[in-house]
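On the provided structure of chain A, position chain B as indicated by the hints.
Protein chains: 2
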Amino acid sequence: MGNWQDIDRQSIVETRSRIDHMIHWTPMLRSSAINKLAGCQVFFKCENFQKVGAFKARGAANAVLKLSDSDRKNGVATHSSGNHAAALARAAAEAGIPAYIVMPANAPEIKKQAVKEYGGEIFECAPNLQAREERLKELVARYKAAFIPPYDHPDVIEGQATCAYEIFEEGLSLDVLMAPVGGGGLLSGTALASHYNAPGTAVIGAEPEGADDAKRSFVAGKRIPMESPDTIADGLLTSLGLINFEIISKYVTDILTVNDTEIIAAMRLIYERMKIVIEPSCAVPLAALLKNKSHFQGKEVGIILSGGNVDLTRLPFK
Amino acid sequence: MGNWQDIDRQSIVETRSRIDHMIHWTPMLRSSAINKLAGCQVFFKCENFQKVGAFKARGAANAVLKLSDSDRKNGVATHSSGNHAAALARAAAEAGIPAYIVMPANAPEIKKQAVKEYGGEIFECAPNLQAREERLKELVARYKAAFIPPYDHPDVIEGQATCAYEIFEEGLSLDVLMAPVGGGGLLSGTALASHYNAPGTAVIGAEPEGADDAKRSFVAGKRIPMESPDTIADGLLTSLGLINFEIISKYVTDILTVNDTEIIAAMRLIYERMKIVIEPSCAVPLAALLKNKSHFQGKEVGIILSGGNVDLTRLPFK
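In the order they appear, the protein sequences are chains A and B.
Using the UniProt record's numbering, you'd call the opening residue of the first sequence number 1 and step up by one each time.
Using the UniProt record's numbering, you'd call the opening residue of the second sequence number 1 and step up by one each time.
One should not assume that every hint holds.
To be verified - Using 30 Å as the maximum straight-line C-alpha spacing, the simulated DSBU-like pairs for lysine-lysine come out as follows: (1) A/K293 - B/K116; (2) A/K291 - B/K36; (3) B/K116 - A/K318; (4) B/K112 - A/K116; (5) A/K137 - A/K73.
Bear in mind the hints are in silico, worked out from the structure with no lab data behind them.
Chain A extracted, bound-state conformation:
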């Protein structure tokens, strides 16, 4: 584990190559119906098609592969509301080491199942950051496992940066690249990859109003943690990490917020028009784009669809 300042153009190239055997180079999809509605050209990077169904496979793979042999031998541990948990369990399984996973008791069943399928061991806790951290501390002490946090970690961020790297590597020249922001792993990685590969592309974060600590922190210039986040976008309940905040403050152009009704409408549009399954968190950037159409008029806009692990028995469509 290095410093985030060591992440640069070359390290992202090397990271993409390091994790290549563990992840997909995901496709970009487009929809003429959505382009017409949005008044711009939208390119969707489909991380819902990624291994474990989310971009988190990238960061977890990188973090596990970069552990020293001595750090790795007792396994890894983390706390996560879901996708990072499955991603770390899978990365650990591929490295032949155990994974100890702290999950909030109210995490979607499909996400718990995924962790179990990959052989991860789940430890439930109350759905708040303090409970998660205490339970994790206990596990790390008990098993002497290496803690791989879900977003606030240079190797995780470096892994997530490979997603935007793939977009630019395909030769796309975007005016704007949008990603959802929860803990900020994806957005900070996206911002670094864009800074080094496409400095002319503005990186914009999108966040639910009910968990808008990134927006408020961005505006205030200091981290303001979220106390009682409440949004349908269950992947974005966490507060912005420290390193993530530093990177986002430096390299992100703006953060836009939307409410749950707008998120559900954008989610439905993606299901109906693109015929793909996404989780609510994914729909936040498109919702933000549609809410602020005039800012994007005629532009080429990339949107990272972060994952597709949704409980199909509880889709929010009426």
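Coordinates of chain B only, in the frame set by chain A:
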């Protein structure tokens, strides 16, 4: 409109080129989780990503483009439970002519909306073949429109044949190619394309038990229409067409049937593992494959996912 016997390798190539400006060359997707479960290599041809969300865009485009100027001028008419209706409305709109569409009153709302969006005029009828045909006859007489049936028509079948043609054109060498069968437009087109492009590939139809007239007709060697079809696969309620039956009898290897529980389980697998939206009819071939795993062991199997126009408020997942 010619004879189906005139459809051959060259005519399918020409058809693909004729309709190229109106349709997508759809992608093939794979899932390692599904391969593992099925015990074979499955290649999914994603017609749910096709224009109007279904393979029907192909046949409708071809039929409209092949009309003579005099036949075309008064517009087109058809009866359809949904996808053909939208496809014909769109093809007519692109050709600048009206489309008169007879739909059963119980057709999914999303399919009715699609017809309206493309500018088609809907005439509702009772949900049975006789009512459809009478209402259609009335409209054809009133408007002097050209009747483009949903499946029992050489130009429609020739259009649907371009779907399998794309698979073989990409160089895939399949042991088996599976398609769902309702009226038989897709299956007969698939059988013809395979016959001319990949004679070593066995073409297998898949059908719901609650609408199994194709299976029974195939076994009996004569058409046995379905009287009260009942299945969740709403795209497959129609009985096999005459021309379709002739082609299927000659070029299809087998037809397998599955019940609605098996269809829903396969549908869920596709949503959860592949993260794509399909309609129940699409899941029938995968359900048939999983029910008859031993027949497919170690093989390379293509499955045509026929469409993705599903009512999201009524998904059958519990």
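Margin query: Output the indices of the hints that this structure fails to meet, ascending.
Written below: 2 and 4
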